[in-house]
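Protein chains: 2
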Amino acid sequence: MRYINFEGEPTISPDDFFMNEALNEAKQALAEDEIPIGAIVVCKGKIIGRGHNLTERLNDVSAHAEMQALTAAANYMGGKYLQDCTLYVTLEPCVMCAGASYWFQVARIVFGAYDQRMGFGRLNQKITHPKTEITGGIRENECAELVRNFFKSKRKS
Amino acid sequence: MRYINFEGEPTISPDDFFMNEALNEAKQALAEDEIPIGAIVVCKGKIIGRGHNLTERLNDVSAHAEMQALTAAANYMGGKYLQDCTLYVTLEPCVMCAGASYWFQVARIVFGAYDQRMGFGRLNQKITHPKTEITGGIRENECAELVRNFFKSKRKS
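Chains A and B, in that order, are what the protein sequence lines are.
Count the first sequence with my numbering and you get residues 32 to 188, in order.
Count the second sequence with my numbering and you get residues 32 to 188, in order.
Wrong hints could be hidden among the right ones.
Note that the list lumps identical chains together, so a pair holds whenever it fits in one copy or between two copies.
To be verified - In silico SDA-like links for lysine to any residue, alpha-carbon gap of 20 Å or less:
| hint | residue 1 | residue 2 |
| --- | --- | --- |
| 1 | Lys157 | Asp146 |
| 2 | Lys111 | Glu87 |
| 3 | Lys75 | Asp115 |
| 4 | Lys187 | Ile165 |
| 5 | Lys187 | Leu89 |
| 6 | Lys185 | His160 |
| 7 | Lys111 | Leu85 |
| 8 | Lys157 | Gln147 |
| 9 | Lys77 | Thr166 |
| 10 | Lys162 | Arg148 |
| 11 | Lys183 | Tyr107 |
| 12 | Lys111 | Phe182 |
| 13 | Lys111 | Arg88 |
| 14 | Lys157 | Pro45 |
| 15 | Lys187 | Gln114 |
| 16 | Lys75 | Arg88 |
| 17 | Lys75 | Arg148 |
| 18 | Lys162 | Phe182 |
| 19 | Lys187 | Met149 |
Hints in this document: simulated from the structure, not taken from any laboratory.
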């Protein structure tokens, strides 16, 4: 699906649009010298949760962008589940975050860059909720480059 | 390994002893009408983190006992990793919690009851840290019975 734009501007798909918002969260992490990963949760076209990696600030290796965005969204909804919601995240979720998405019964996960080492997609069994649809590779290069450049700059310093 | 007790009292293994502490946390959850699952983190014989299931109170389906105990322990340590620590939990951890234990680099996971439906052990690939040792079935019956009775009473009411 693509939105029609009558102003002659480039059209953008909803997934591209929302991944851009997740990228903004990742850039916020970068500004705080965190690994630049960002996530948002969208329900019926509305952003109801945001988060970025906070492992350094919280000194908590489990404070991933997805965990922040999912709990923020669930809090906003005042309910337990996120059955009508899409999680957008700039990097393929790890096993912990994919496992969390199971409990929240997220309808859809859209991620940017693939993470072959730590991403949940390396598992040969499904660990997300049976109803969760997965889309990977949205704005993949921008998402990957943010993380790549971050680690490159860390190695130099 | 069993501690020697010179008083003629029944001896108790360290794993039994600490699982009893996790069971006390589970009973605390029960008193709060939460699914009775408890966890503690032990470092060199000292309990440095405690937690029990808080999914109802926090209205957060990811607020598992293990997540509470792990973050409490990491907070206490003031460091990121729990490489010398053992996580004791009354129920076999789910994929999310096992995934979290990876990031914390927990040395050992000891659990009570097996959870064939949601436990991470159902996966045919290792998702815990390569250095993490796993022991299951410690005080299995007591741990299982707590959860079983909880759901039985819920179905009646």
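Hints, one by one, checked against the model:
| no. | hint | in the structure |
| --- | --- | --- |
| 1 | Lys157 with Asp146 | both (16 Å within a copy, 17 Å between copies) |
| 2 | Lys111 with Glu87 | between (28 Å within a copy, 9 Å between copies) |
| 3 | Lys75 with Asp115 | within (7 Å within a copy, 45 Å between copies) |
| 4 | Lys187 with Ile165 | neither (36 Å within a copy, 38 Å between copies) |
| 5 | Lys187 with Leu89 | neither (25 Å within a copy, 42 Å between copies) |
| 6 | Lys185 with His160 | neither (36 Å within a copy, 24 Å between copies) |
| 7 | Lys111 with Leu85 | between (23 Å within a copy, 12 Å between copies) |
| 8 | Lys157 with Gln147 | both (16 Å within a copy, 15 Å between copies) |
| 9 | Lys77 with Thr166 | within (19 Å within a copy, 44 Å between copies) |
| 10 | Lys162 with Arg148 | between (25 Å within a copy, 17 Å between copies) |
| 11 | Lys183 with Tyr107 | neither (37 Å within a copy, 32 Å between copies) |
| 12 | Lys111 with Phe182 | between (36 Å within a copy, 19 Å between copies) |
| 13 | Lys111 with Arg88 | between (27 Å within a copy, 11 Å between copies) |
| 14 | Lys157 with Pro45 | neither (26 Å within a copy, 36 Å between copies) |
| 15 | Lys187 with Gln114 | neither (43 Å within a copy, 28 Å between copies) |
| 16 | Lys75 with Arg88 | neither (32 Å within a copy, 27 Å between copies) |
| 17 | Lys75 with Arg148 | neither (32 Å within a copy, 31 Å between copies) |
| 18 | Lys162 with Phe182 | neither (35 Å within a copy, 25 Å between copies) |
| 19 | Lys187 with Met149 | neither (24 Å within a copy, 43 Å between copies) |
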